[in-house]
Amino acid sequence: MRDISLHLMDIIQNSITANSNRIVTTISTDNEKDFLYISIKDNGKGMSKEFLENVIDPFTTSRTTRKVGLGIPLFKESAERAEGFLSIESELGKGTLVSVSYKISHIDRLPLGDIAQTFSQLVMASPEIEFELKMNNGSDSIQINTVEIQDTLGEVPITNFEVIEWINNYITESIKCIFGGVLDEILS
Amino acid sequence: MKSLAELAAIREKALKEISLRQSNDGYKIIVGMATCGIAAGARPVMNSFVEELKKRNLTNATVSMTGCVGVCRLEPMVEVIAPDGEKTTYVKMSPEMVEKIVVEHIVNGKPVKEYTIGNADN
Ligand SMILES: Nc1ncnc2c1ncn2[C@@H]1O[C@H](COP(=O)(O)OP(=O)(O)OP(=O)(O)O)[C@@H](O)[C@H]1O
Ligand SMILES: [Mg+2]
Numbered sequence: 001m002r003d004i005s006l007h008l009m010d011i012i013q014n015s016i017t018a019n020s021n022r023i024v025t026t027i028s029t030d031n032e033k034d035f036l037y038i039s040i041k042d043n044g045k046g047m048s049k050e051f052l053e054n055v056i057d058p059f060t061t062s063r064t065t066r067k068v069g070l071g072i073p074l075f076k077e078s079a080e081r082a083e084g085f086l087s088i089e090s091e092l093g094k095g096t097l098v099s100v101s102y103k104i105s106h107i108d109r110l111p112l113g114d115i116a117q118t119f120s121q122l123v124m125a126s127p128e129i130e131f132e133l134k135m136n137n138g139s140d141s142i143q144i145n146t147v148e149i150q151d152t153l154g155e156v157p158i159t160n161f162e163v164i165e166w167i168n169n170y171i172t173e174s175i176k177c178i179f180g181g182v183l184d185e186i187l188s
Numbered sequence: 001m002k003s004l005a006e007l008a009a010i011r012e013k014a015l016k017e018i019s020l021r022q023s024n025d026g027y028k029i030i031v032g033m034a035t036c037g038i039a040a041g042a043r044p045v046m047n048s049f050v051e052e053l054k055k056r057n058l059t060n061a062t063v064s065m066t067g068c069v070g071v072c073r074l075e076p077m078v079e080v081i082a083p084d085g086e087k088t089t090y091v092k093m094s095p096e097m098v099e100k101i102v103v104e105h106i107v108n109g110k111p112v113k114e115y116t117i118g119n120a121d122n
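In order, the protein sequence lines correspond to chains B and D.
Using our numbering, the letters of the first sequence correspond one by one to residues 1 to 188.
Using our numbering, the letters of the second sequence correspond one by one to residues 1 to 122.
Since the hints were derived computationally from the structure, they do not count as laboratory data.
Warning: the hint list may mix true and false statements.
[Claimed, not checked] Facing chain D, according to a computed beta carbon distance under 10 Å, are these residues of chain B, among others:
no.	residue
1	M9
2	S87
3	S90
4	L110
5	D114
Heads up, the beta-carbon is just placed ideally off N, CA and C, and yes, glycines get one too.
Take the sequences, apply the hints, and build the full model.
Structure follows, in structure tokens:
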């Protein structure tokens, strides 16, 4: 994958496939530690402990019968290439939390990519799901929640093209506002 | 900074327009967004569909995505389901192919055969 926003799309797609109806994504930075943290929390069907181990590290399993996915291992690899980590907590019937980190100044850290497009496309495709995106740089934060947006819209569907465009622009501006300036290079 | 007030204005405007009814009985455009699809460029393809529909003010189609695993070497894949249930699968999609599909298939009801699975040069 070329950037983090594409990995996000992929990982959130897992949450949707797992029948989640609320998906909360957090993007935050710690300047002092020079780290970028991303987490995706859903309320989908979750995974058993045993299954989860296989999912995170498909190459350590002795099983060859199971088809292994690519999405999570690729995300993990991208984090580790930049001195970061990927971890997953999951409980059957409750949901899943995927957490990823990257060392910001690491030469192999992927660019953030177009986070706004990831979200506006997800909202367009799955308007029935509650998406929340929180952006936090340690001192300021902005969040956007699709249920709140739908409340403001009343009977106008959130998939209305102008609304989708507004969501896209809102997130683009928020990202600049929260991660621009000091952290400009995160946008590169 | 964008504000919720703007959103309220969009709402007012949308309520005035008849095009509000994004019908569920129109065409369904479903873009494959599993790992292979995303890596092969499914996102700009989806974007182009949205842009084309918007540009032409078409309300007889919805765009969505699926995380189901497709056939990696044929990605990005797009499925178009007509109101009568007829399914067309487009393979190896690029944003440049989208306009033709929208004009010929969504507007005129004729699937673009050359982009479908039977015609993909493997
Ligand atoms: N949020 C989640 N909730 C429940 N199960 C999940 C979640 N994320 C992943 N899984 C399980 O882990 C498996 C592996 O996920 P992964 O993204 O690595 O591959 P995949 O989705 O199967 O295929 P692809 O290569 O297209 O991503 C999934 O098939 C699913 O069973
Ligand atoms: Mg996946």
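Here is how each hint holds up against the structure:
no.: 1; hint: M9; result: holds, 6 Å
no.: 2; hint: S87; result: violated, 19 Å
no.: 3; hint: S90; result: violated, 17 Å
no.: 4; hint: L110; result: violated, 13 Å
no.: 5; hint: D114; result: holds, 8 Å
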